[in-house]
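*Asks:* Listed here are the chains, written in short residue letters.
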Amino acid sequence: MPDAGYIAAALAIGVAITVALRAIPFGMKALVRESALLHDLGRWMPLGAVTILAVYGLATIDFAGGQHGVPEGAGVMVTIAFHVWRRNAVLSIAAGTAVCLVLANLAL
Amino acid sequence: MNDSAGEARSDLVVAARETGVIWLGLFALGIGFGVLVTSHGFPWWLAPVISAVMFAGSVEFILVGMLAAGAPLAAVALTTFLVNARHLFYGLSFPLHRVRGRLRKAYSVFALCDEAFALIASKNPDTLTSGRILWTQLGLHASWASGALAGGLVGATLLGGLKGMGFLLTALFVVLTIDAFRENPDKLTAALAGGAGLLALALTPGSMLLVALSALSLAFVARHSLNRRSRHCRGTNRAAHNA
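Top line first, the protein sequences correspond to chains A and B. Oh and the first sequence: position 103 is 103 in the working numbering, straight run, nothing missing. Counting the second sequence from 1 gives a position; the working numbering is that position plus 1000.
Isolated chain A (complex conformation) (with noise of 0.2 Å):
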């Protein structure tokens, strides 16, 4: 395990960039407000964050270990199936999930 030190200091800043980025906006709103660029950032950038959030989480599955990626692979069917039958967010990833610890817990 890293030393406690480096761990506090990681910690704290990535602590005071979240609080930062979390208070910026509401000291510049009338700035913001008039700026077209950061406008469109504002309306595009939540999904492109999400999405590339999405291929990191999905490049992290391992397709060349022992199981071939195929506990994930079912997991994130699943999730998916769920999610756009039910729309309920907490159901798809506990299904998801699910399927994945045990395909790569017991199953295979």
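Note that these hints are calculated values from the structure, not bench results. Positions of the beta carbon are idealized from the N, C-alpha and C atoms, including for glycine. Hints are not guaranteed to be accurate.
Stated by the list, open to error - Computed from the model, here is a short list of chain A residues facing chain B with C-beta under 10 Å:
(1) 21
(2) 28
(3) 47
(4) 48
(5) 61
(6) 63
(7) 64
(8) 78
(9) 80
(10) 82
(11) 93
Stated by the list, open to error - Cβ pair distances, simulated, as ranges:
(12) A:65 to B:1095: 26 to 32 Å
(13) B:1043 to A:35: 40 to 46 Å
(14) B:1006 to A:69: 52 to 58 Å
What the hints assert, rightly or not - Facing chain B, from chain A, some residues (calculated, C-beta under 10 Å):
(15) 25
(16) 55
(17) 60
(18) 84
(19) 90
(20) 95
(21) 97
(22) 101
For this one, chain A is given, so just place chain B on it according to the hints.
*Replies:* Same frame as chain A, now just chain B:
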């Protein structure tokens, strides 16, 4: 005195009724986070500490991996900035003016995670009370941190050998993407982001998020100026036509 206590209780009841399912979901995700943290060899208390002081779900999952790998602090800073930069846009439509009191406003800004924004900014601000906003955020925060505590405790003892827990994060991102696309079915944005992600994976797999989010920002700036130029052209054409 009695009145305000009664009002506070009813704010809590309304907040719990409207957002309690998401509290449960965050508690469950928090368990996953706690298990993930201990599976990296960290002590049981680290997950609830991170979740309590940071309260930013997706970046916490990513940070744990970076901490375990001993990533440089500059990389931690840049990743946090780029992954959480979307929060810059939350403040623009979050009804902070409905929250009373400086300390409460400060807490409300601190606890402005994705879920808090989605649950609160989607409501008509005139129907929101200070108490409802704060209870919603406190409920999310407490669920996330207590889930991480439970996961840390359970993970350290029972689930140490469990494989595939990191999948929870992938499932979360997939679900958030589907929700974001439903909210704003903008195919060009999704295509640009998917392309940026794949390109970054191919070119710089070690710093995929940094490169992908930076490339996407540049693509959006280009898209913005192209839109403006074409709008401008249409405008001048129309002006010429009218003349």
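*Asks:* Which numbered hints are broken by the structure, listed smallest first?
*Replies:* Violated: hints 6, 7 and 12.
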